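Asker: Use these hints to put chain X onto chain D, whose structure you have.
So the protein lines, in turn, are chains D and X. Going by the working numbering, the first sequence opens with residue 1, and the numbers climb by one from there. Going by the working numbering, the second sequence opens with residue 1, and the numbers climb by one from there.
You may find that some hints are simply not true.
Derived lysine-lysine pairs resembling BS3-like cross-links, with alpha carbons at most 30 Å apart [what the hints assert, rightly or not]:
id: 1; chain 1: X; residue 1: 338; chain 2: X; residue 2: 53
id: 2; chain 1: X; residue 1: 338; chain 2: D; residue 2: 69
id: 3; chain 1: D; residue 1: 156; chain 2: X; residue 2: 338
No lab work stands behind these hints: they were computed from the structure. Note that the structure is a prediction, hence the values are computed from the model and not measured.
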Amino acid sequence: MIVFDRVGKRFDNHDAIRDISLTIDSGEMVFLTGHSGAGKSTFLRLLMLLERPTSGCLMVNHRDTSRVKRRAIGTYRRDFGIVFQDHQLLFDRTVFDNVALPLHIAGFEMRDVNRRVRAALDKVGLLQRERANPAVLSGGEQQRVGIARAVVARPKILIADEPTGNLDPQLSAEIMSLFEAFNQVGVMVVIASHDLALISRLRHRIITLNNGRLVGGGGHL
Amino acid sequence: MGDWSVAVGIYEGRNVPAGPGMNNARRVGVGPRHPIVRWVYHHRQAAADSLHKLVFEPISTLLTWMVLGIALALPATLLVLLSNVLALADTIDVPARFSLFLNELTTLEQASDIARRMEQRVDIAQVSVLDRVTALADFGVQTGLESLIESLDANPLPHTLLVEPAAHINASRMDELADALTNTPGVANVIFDTQWLARFETSLLLLQRLVIGLGLMMVIGAILILGNTLRLAIEARRAEIVVIKLIGGGDAFVRRPFLYMGLWCGVGGGALAIGLVIIFLSLLASPAATLLALYNSDWQLQGLSFIAALQLALVGGSLGLLSAWQATTIHLRRVEPK
Numbered sequence: 001m002i003v004f005d006r007v008g009k010r011f012d013n014h015d016a017i018r019d020i021s022l023t024i025d026s027g028e029m030v031f032l033t034g035h036s037g038a039g040k041s042t043f044l045r046l047l048m049l050l051e052r053p054t055s056g057c058l059m060v061n062h063r064d065t066s067r068v069k070r071r072a073i074g075t076y077r078r079d080f081g082i083v084f085q086d087h088q089l090l091f092d093r094t095v096f097d098n099v100a101l102p103l104h105i106a107g108f109e110m111r112d113v114n115r116r117v118r119a120a121l122d123k124v125g126l127l128q129r130e131r132a133n134p135a136v137l138s139g140g141e142q143q144r145v146g147i148a149r150a151v152v153a154r155p156k157i158l159i160a161d162e163p164t165g166n167l168d169p170q171l172s173a174e175i176m177s178l179f180e181a182f183n184q185v186g187v188m189v190v191i192a193s194h195d196l197a198l199i200s201r202l203r204h205r206i207i208t209l210n211n212g213r214l215v216g217g218g219g220h221l
Numbered sequence: 001m002g003d004w005s006v007a008v009g010i011y012e013g014r015n016v017p018a019g020p021g022m023n024n025a026r027r028v029g030v031g032p033r034h035p036i037v038r039w040v041y042h043h044r045q046a047a048a049d050s051l052h053k054l055v056f057e058p059i060s061t062l063l064t065w066m067v068l069g070i071a072l073a074l075p076a077t078l079l080v081l082l083s084n085v086l087a088l089a090d091t092i093d094v095p096a097r098f099s100l101f102l103n104e105l106t107t108l109e110q111a112s113d114i115a116r117r118m119e120q121r122v123d124i125a126q127v128s129v130l131d132r133v134t135a136l137a138d139f140g141v142q143t144g145l146e147s148l149i150e151s152l153d154a155n156p157l158p159h160t161l162l163v164e165p166a167a168h169i170n171a172s173r174m175d176e177l178a179d180a181l182t183n184t185p186g187v188a189n190v191i192f193d194t195q196w197l198a199r200f201e202t203s204l205l206l207l208q209r210l211v212i213g214l215g216l217m218m219v220i221g222a223i224l225i226l227g228n229t230l231r232l233a234i235e236a237r238r239a240e241i242v243v244i245k246l247i248g249g250g251d252a253f254v255r256r257p258f259l260y261m262g263l264w265c266g267v268g269g270g271a272l273a274i275g276l277v278i279i280f281l282s283l284l285a286s287p288a289a290t291l292l293a294l295y296n297s298d299w300q301l302q303g304l305s306f307i308a309a310l311q312l313a314l315v316g317g318s319l320g321l322l323s324a325w326q327a328t329t330i331h332l333r334r335v336e337p338k
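One chain only, chain D, in its complex shape (with noise of 0.2 Å):
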């Protein structure tokens, strides 16, 4: 569960994020939208302890992530699961090298490491293209490994920016119905996105920010 109290994130001279309230609750899927600058980006990085608020109390899974020290935030990271617009995929090694680095970092053993990555690469259709390097890959399969490193580790909270964002639209209905159905398993989706007629067909909440705050989709606190 996410809990956002009053959280405001200020950078030098303006308000990225002003008095932000709300709970997104386990199991839950909910998009993210507004013009950008209106503190999307913000909001997934105060989530992802990459920016800290400069006001309010952000709670993750009941914790306070304010009590989260330097030293922890990797451990914190690996409850997340990450989906970046730009892939962040490392060229330097094979699809399957790169599904399998959640799995190195968290410790998993070979055995499992092997099962889990061909289950993650099946699910997104790119079990065939393990031994690819994902340079060759187009964006919309890029895209896929990038989910599939999402998920490998299983965790509780899915969170994507812009997934969609240079996707065509039918690959962009294929890639949110992936989201759907990793929430129907009872993992939180956070989605960000500002293609409102995708979106607003999928009906889930959608939490709207404009010029920092929050204007729709507040949800119960």
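Answerer: The following block gives chain X in isolation, referenced to the frame of chain D:
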């Protein structure tokens, strides 16, 4: 492409309780290993990976090893030579020596007589007579003033006795001996010559400091060079570090491969230094033996001992680890996800 709509298989089996008789930790699919097992695994992984990376870039690895090897070999060679000099200095019997100038009227026969009587004493090892004619000639040769000496009417030098005390006597007995020698009839003046000993010991100290100072400078240089190599390695892997940090790799996880890289570079440099020192010393051994033979010594140059070689490799490894530590402390913090 797979069927997107079905429940996602990789989440199946989650939260399934362990069956009877199943060891939870060993079960496939249960999850991460025990933290200690994981820690050991991560270390093995980082050690193997960084060694692998070094082996696959043989040229730059060899260059790094050479730089470290030379930086370590020079002070190590000097230290081996220094320990040789110190050991050699120990073997030289350093008798404190008294010079006894006799009265001008004492004849050479009387001088020999006094010398024989003195040699009876238990606290004297040896007495030799330096006659005035020889002494003057030697003085002339040593100073190049032969013509001046030839022009002298008379020899101004007295006969001299050189007295070597017994090796076992202590400082207070030495004082007693000095008194006894001064009061011997026929002795005009006693000079207790310790100055050359002081000079010798100070020279050794100077040499020792010089070697240590040079060694420290080389070692600091080596640390900085390796630190810079590691900084470049960190820069080259910036993207990877950012991704690892984003998906849950902690500072220690990111740092480990670089620490091992420093360790391997250091150990490799140390091993190369052992080879260089052995080659260097074997080149020096023969002329050194010849030189010492000219001084009537059968001393053989002592090479690098097995223990010292191990220490050199160990020092290399520690230096590598140390510079990796400082490089990662300074540079890894700057590589943060944006």
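Asker: Work down the list of hints and note, for each, if the structure agrees.
Answerer: The hints, checked one at a time:
A distance of roughly 27 Å separates the Cα atoms of residue 338 of chain X and residue 53 of chain X; the hinted pair therefore holds under the 30 Å criterion. Distance check on the hinted pair: residue 338 of chain X and residue 69 of chain D sit about 19 Å apart at the alpha-carbon level, within 30 Å; holds. For the hint linking residue 156 of chain D to residue 338 of chain X, the alpha-carbon distance of about 24 Å falls within 30 Å, and the restraint holds.
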